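Student: Given these sequences and hints, build the entire structure.
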Amino acid sequence: MPLQALRTVAKSQNGVGAFILQCKRIDFHYCDWAGSSRGMNAFLKHQLPAFAAQNPSIEISVSPRPGRHPVIKGQYINGREKAICVRNMEATEVTKKAELLKTASGEKLRRDRKPVKSFNESVRGVWSPFHGRQYKI
Amino acid sequence: MKRVRLDRWASQLQPPRNPRLQVQRCALSHETTTLPRRRDLHQQRQYITQTQWQCQRQPVSSKRKASTAAVLQEAGNEGESEASKLPSRNKKSTTPLYAPSHHTAARSAKLAALHARLSLPPKLPLQTLARCLVDPSADPRSDYNNAPFAILGQDLLGYHTTEHLTCHYPRLPMSVLFAAQYAFVGEATLASVRAEWGVEVVAAPGVEVDAGLLQLKRQVPGNSMVEGTGRRVKDMPGVRALGARLGGGRRNAEWNYRRGVSSRVVFDDEFGDLIGGEPYAGAQLSTSASEDGGAVDVEGGDGTTSSLPTLPQSPDDTEATTVSDASASFVRAVAGALYLHVGAAATRTFHRDHILSRQLDLHTMFNFTHPTRDLSRLCAREGFEPPVARLISETGRLSRTPVFVVGVYSGDNLLGEAAGASLNEGRVRAAAAALRSWYLYSPSKGEIVVPSEVEGMAAAGKGKEWKPQVIDVGEIVT
Chain L
1 MPLQALRTVA KSQNGVGAFI LQCKRIDFHY CDWAGSSRGM NAFLKHQLPA FAAQNPSIEI
61 SVSPRPGRHP VIKGQYINGR EKAICVRNME ATEVTKKAEL LKTASGEKLR RDRKPVKSFN
121 ESVRGVWSPF HGRQYKI
Chain X
138 MKRVRLDRWA SQLQPPRNPR LQVQRCALSH ETTTLPRRRD LHQQRQYITQ TQWQCQRQPV
198 SSKRKASTAA VLQEAGNEGE SEASKLPSRN KKSTTPLYAP SHHTAARSAK LAALHARLSL
258 PPKLPLQTLA RCLVDPSADP RSDYNNAPFA ILGQDLLGYH TTEHLTCHYP RLPMSVLFAA
318 QYAFVGEATL ASVRAEWGVE VVAAPGVEVD AGLLQLKRQV PGNSMVEGTG RRVKDMPGVR
378 ALGARLGGGR RNAEWNYRRG VSSRVVFDDE FGDLIGGEPY AGAQLSTSAS EDGGAVDVEG
438 GDGTTSSLPT LPQSPDDTEA TTVSDASASF VRAVAGALYL HVGAAATRTF HRDHILSRQL
498 DLHTMFNFTH PTRDLSRLCA REGFEPPVAR LISETGRLSR TPVFVVGVYS GDNLLGEAAG
558 ASLNEGRVRA AAAALRSWYL YSPSKGEIVV PSEVEGMAAA GKGKEWKPQV IDVGEIVT
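Residue numbers (our numbering), protein chains in the order written: chain L, 1 to 137; chain X, 138 to 615.
Honestly, the hints are just simulated from the structure, not real lab data. What you were told as hints is all true, and nothing was included just to trick you.
Covered stretches of chain L, as calculated for chain X (at least 3 residues, CB under 8 Å):
1) 2 to 9
2) 15 to 23
3) 46 to 58
Here's a subset of chain X near chain L, in silico, CB distances under 7 Å, partners left out:
4) 246
5) 250
6) 253
7) 312
8) 319
9) 321
10) 325
11) 333
12) 335
13) 491
14) 495
15) 530
16) 542
17) 615
Chain X residues, not near chain L, derived (Cβ > 12 Å throughout):
18) 292
19) 583
20) 599
Note that the coordinates shown come from a computational prediction; the quantities given were computed from them, not determined experimentally. Heads up, the beta-carbon is just placed ideally off N, CA and C, and yes, glycines get one too.
Tutor: Listed below in structure tokens is the structure:
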């Protein structure tokens with residue numbers, strides 16, 4: 001055969017076409033008895049319906065965890081889970097933590113040293129000693 | 138012979154809509170089901186959380202709800218009786234269910250979240266999305282599984298991908314076209330699309346699973362042990378059904394005749410692969426009467442009897458499938474369901490957003506065997522001067538790591554240039570670069586008009602005019 005092809009899989013670019021929110025599920029755990037859960041209980045009563053309405057793509061589950069601190073757990077599409085303990089927080093602070101989980105990607109927190117991440121090679125090309133002005137000794 | 142009416146082709150797959158029908162009928166329920174709007178879904182979910190809080194305010198003697206699922210179930214029942222938006226299912230109907238019913242599907246949070254995550258239009262009901270998640274191995278009845286949608290969706294996705302590739306890269310050779318088609322809409326890619334959508338897979342199908350999970354009968358992996366023995370599944374003959382008949386319909390298949398590219402275009406599927414015995418996983422293959430013990434005898438018109446194979450009626454009889462097979466069927470089924478409920482424009486948008494947005498490096502998919510020979514045949518065919526390789530620059534000739542930059546010229550025109558560790562390697566790589574630049578020719582963006590943009594009644598008012606697209610003379614014959 002004169003020409004054969006090498007099979008591969010096209011790589012996804014989330015956001016170039018459709019954007020898929022990476023947070024797919026958030027579990028809210030509260031406690032009726034513990035004082036540290038007062039803010040969480042207030043959040044569940046007053047702010048959660050609006051949060052759920054604004055984020056229809058997140059599956060929300062509320063369940064009691066008696067005798068423990070309140071915690072929010074987010075599950076992500078890459079299979080990882082992030083948990084934030086919201087003990088002794090006000091309802092507004094709990095909302096901020098929920099937003100934080102919603103906007104996270106599920107990846108581990110790491111520092112990016114490079115300014116640009118891309119599949120495509122550089123537009124202007126990498127310098128080569130064989131092209132351009134030749135250095136003559 | 139009648140003239141082919143392209144403007145009516147694409148839009149004639151759906152029957153004309155009856156505007157007097159206010160509600161939609163689905164295959165499953167015997168009564169009508171309204172389309173649940175997203176607002177209603179939110180109200181239902183909010184109602185459920187509110188009733189949960191009302192339960193909490195009851196006296197201490199009431200039983201504390203241990204799990205949310207129990208609360209949701211009870212609240213759902215209360216909501217049903219009070220709101221009476223969804224009619225109760227007739228308990229006397231005898232059709233057995235192997236997947237969650239439509240009423241359960243409408244209450245599933247996972248399913249509603251999936252619908253919103255993909256930004257699917259509200260015209261696509263939750264019940265259809267739930268049906269798209271049921272693989273034929275979980276429920277073999279074609280009214281209840283995603284097989285019909287998957288067949289339609291596969292054709293649609295393949296059509297849109299092919300027209301994109303052939304209009305943007307008219308000189309792409311057939312083998313690379315097959316590979317590019319697989320890279321965009323092949324089974325492996327669609328399986329990773331399913332994972333990127335956040336759709337989880339059940340351990341085993343049943344009525345009690347969440348309607349938002351992909352339901353299939355999972356194939357036992359070959360490395361696992363067969364129950365009761367010490368041997369592995371792949372070492373036991375006959376445990377797994379044998380695969381496809383080789384040859385795929387070719388007349389000289391039994392002599393292992395070479396499957397060339399032209400014969401793949403005629404006999405094989407859209408990726409150039411042999412069409413296996415099954416159009417979809419779990420489909421019943423026609424076998425000879427002597428092999429198939431469970432055949433049904435059918436009387437023909439002239440009194441002759443022929444035997445038909447019995448179709449599986451329950452998941453106990455179906456063949457197990459792999460997760461990647463079922464994932465690909467699910468994604469195809471979503472495309473097919475979108476076409477049926479919403480229309481051709483929505484399918485094109487779906488394809489553009491989820492398939493074409495993916496990145497594919499076509500220049501890495503070429504595997505040349507004799508690029509110098511192919512390039513000289515190409516120049517002879519096109520009337521160019523014969524290609525000549527010239528050394529542009531070099532360094533380190535006598536060292537351990539020389540670099541030779543070789544350019545292939547046709548007269549004064551540089552066709553391709555590459556660097557190599559030896560003179561020969563540089564020449565061969567340069568010829569390959571020249572061929573790649575020929576094959577990956579793409580017309581300017583203003584000249585490219587894809588057929589589905591201009592055909593059909595949906596595209597009538599858009600203002601896009603058809604321009605004849607570049608059609609290449611053919612591949613290089615060596």
